[in-house]
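Participant: Going down the list, the sequences are from chains A and B. Going letter by letter, the first sequence gives residues 1 to 107 in this note's numbering. Going letter by letter, the second sequence gives residues 1001 to 1116 in this note's numbering.
Hints listed in this document are in silico derivations from the structure and should not be mistaken for laboratory results. We put the CB at the ideal spot given by N, CA and C, even for glycine. Incorrect hints may have been included.
Said to hold, decoys possible - Pairwise CB distance ranges, derived in the manner of DEER restraints:
1. A:A17 / B:A1072: 47 to 57 Å
2. A:Y92 / B:G1053: 18 to 28 Å
3. B:P1109 / A:P10: 20 to 30 Å
4. A:N65 / B:S1018: 41 to 51 Å
5. B:G1061 / A:P14: 38 to 48 Å
6. A:N27 / B:T1057: 15 to 25 Å
7. A:Y92 / B:Q1029: 23 to 33 Å
8. B:G1061 / A:N27: 34 to 44 Å
9. A:S93 / B:V1003: 18 to 28 Å
10. A:S106 / B:K1041: 18 to 28 Å
Said to hold, decoys possible - Here are the simulated DSSO-like cross-link-like pairs (lysine-lysine), alpha carbons at most 30 Å apart as the crow flies:
11. A:K45 / B:K1055
12. B:K1055 / A:K79
13. A:K42 / A:K79
14. B:K1014 / B:K1055
15. B:K1020 / A:K45
16. A:K79 / B:K1041
17. B:K1064 / A:K42
18. A:K42 / A:K99
19. B:K1042 / B:K1064
20. A:K45 / A:K79
21. A:K45 / B:K1066
22. B:K1042 / A:K99
23. B:K1020 / B:K1041
24. A:K45 / B:K1064
25. B:K1041 / A:K99
26. A:K99 / B:K1066
27. B:K1020 / B:K1042
28. A:K42 / B:K1014
29. B:K1042 / A:K42
30. A:K45 / B:K1042
31. B:K1064 / A:K79
32. B:K1064 / A:K99
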Amino acid sequence: RKEVEQDPGPFNVPEGATVAFNCTYSNSASQSFFWYRQDCRKEPKLLMSVYSSGNEDGRFTAQLNRASQYISLLIRDSKLSDSATYLCVVNYSTLTFGKGTMLLVSP
Amino acid sequence: GAVVSQHPSRVICKSGTSVKIECRSLDFQATTMFWYRQFPKKSLMLMATSNEGSKATYEQGVEKDKFLINHASLTLSTLTVTSAHPEDSSFYICSARDEGEFNEQFFGPGTRLTVL
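Construct the complete structure from the given sequences, taking the supplied hints into account.
Facilitator: Here it is in structure tokens:
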């Protein structure tokens, strides 16, 4: 079983759409959780941390369900510039990355 | 956020040569740095954890004699790919942990290695 699993996509959505990504992780002892964004041929950049209480940053909302070992990311009012690969990342002693979910936002 | 630089950003070399990649934390000191490798359409895979002043810790399946890591100062770690072969062609990314209040990892821009 892979440690961090994500639907690779791509998710093709029009501008303004709401899109949700999901991620599951296998290590129940994982301590912290993140969503990173990676543009093509670039390094990953931290988008937001994920907390059990849920957290929101502008159009982005992240949620963690420890019991189900499930993490989600919701993007509202998608912009063209949101097109990227979104990486689910879980921290136990080191960061473990999912393969990423590709998002393509079209005009 | 904190800045991590990598050099070179891109390198093309012949099979059998060695390639050194530098990773620097520019505005913070990093006791711990990490080296990742990413093949096309694959996830980042941790290769090794670089510890300042001591030996690196390698992940299972990563040859320590092939991927030499040196972390001689609190702001610099180097990865040397020795006797590179075409299958070593990949995107190598380093990150440095800022052990301040937020204990966040910052990533370098990556080095794209192509071995002919």
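Participant: Of the hints stated earlier, which fail here?
Facilitator: As far as the earlier hints go, 8, 12 and 31 are violated by this structure, in ascending order.
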